[in-house]
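*Asks:* Sequence:
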Amino acid sequence: MIFKHLRIQVILLFLTVSSSLFAQKDFQGKAYYETKTSIDMSNFGGRDMTEERKKQIAERMKSALEKTFILTFNQSEALYVEEESLDAPTGGRGMRFGMMNTSGGDQYKNVKSKAFIQKKDLFGKQFLIKDSLQSLDWKLTGESKIIGQYTCFRAEAVKPKTGFDFRDFRRPPRDKADESSKKETRPEAERQNDIKVVAWYTPQIPVNLGPDVYWGLPGLILEVSADNTTMLCSKIVINPSDKEDIKAPTKGKEVTQAEFDKISKEKMEEMRDMYRGRGRGGRR
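Just so you know, the sequence shown maps onto residues -23 to -1, 1 to 261 in mature numbering (1 follows the signal peptide of the UniProt record, and there is no 0).
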């Protein structure tokens, strides 16, 4: 108990001493996040795909889904971008996953104006999502842990699922009987559109920003676990020598998040039907 009180006092002292630093008009920070997404391949591709083929696809997906992002932020704005990679694009079948991938894209958020703007590519077409920041009903648990040199506290929330999900890219049932059976046996959790979010934030960096769409906690969010994706901060730079302008992306067809999700779903269903047609053609 004594150690706990001492730790709290140390944090409060740090916040008092450093408050002037974060209050500076030209304050800026950079946080680097390593992201990983796990994929359940058990139902991918239907019953006609071999386990060896699933393994090959899983390896390609792994390289596509393990990325590094940089969050450049000040007191009220943030720009979240994927770190440039020197990896050469793959040809052939590997290109399909690049076309399917709708993640990434420069993302801007402003916690004062509640503006959310993100550039996304879908099947070679560029979109500009312009919407309001999604607010989450965070529950502060009081649980703490150390990430790097920062003391972090746990918060939980529930958010609706949006956007593209690889788990939905499955070969449809062959007939209505199969479809009815799948609806009956599908786990209740999979039918729900809510995702549990666990975040760890540090009051030592008193900005209510974080990676991807996450924000709204009394400190920078350093780790997020949501559904099958984890984002973990690996490096923080406060007031870098070369500061950048935090500007929202401007190019692309303007849509709301709901409109983009609808377009993504329609495109996914088109591709799924295309794969089903190819599969049937191969069984003649």
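None of these hints come from the bench; they were simulated from the model.
It is possible that some hints are incorrect.
As the list claims (entries may be wrong) - For each label pair, taking beta carbons as the anchor points, the in silico distance ranges come out as:
hint : residue 1 : residue 2 : range
1    : 137       : 216       : 31 to 41 Å
2    : 121       : 212       : 12 to 22 Å
3    : 219       : 11        : 16 to 26 Å
4    : 53        : 206       : 20 to 30 Å
5    : 222       : 250       : 37 to 47 Å
6    : 13        : 223       : 36 to 46 Å
7    : 220       : 248       : 19 to 29 Å
Stated by the list, open to error - Listed next, the in silico SDA-like pairs over lysine to any residue satisfying Cα-Cα at most 20 Å (straight line):
hint : residue 1 : residue 2
8    : 107       : 3
9    : 138       : 224
10   : 220       : 182
11   : 91        : 121
12   : 116       : 58
13   : 224       : 83
In this text, a Cβ means the ideal position worked out from N, Cα and C, and glycines have one as well.
*Asks:* Flag every earlier hint the structure violates by its number, smallest first.
*Replies:* Violated: hints 6, 7, 8, 9, 11 and 12.
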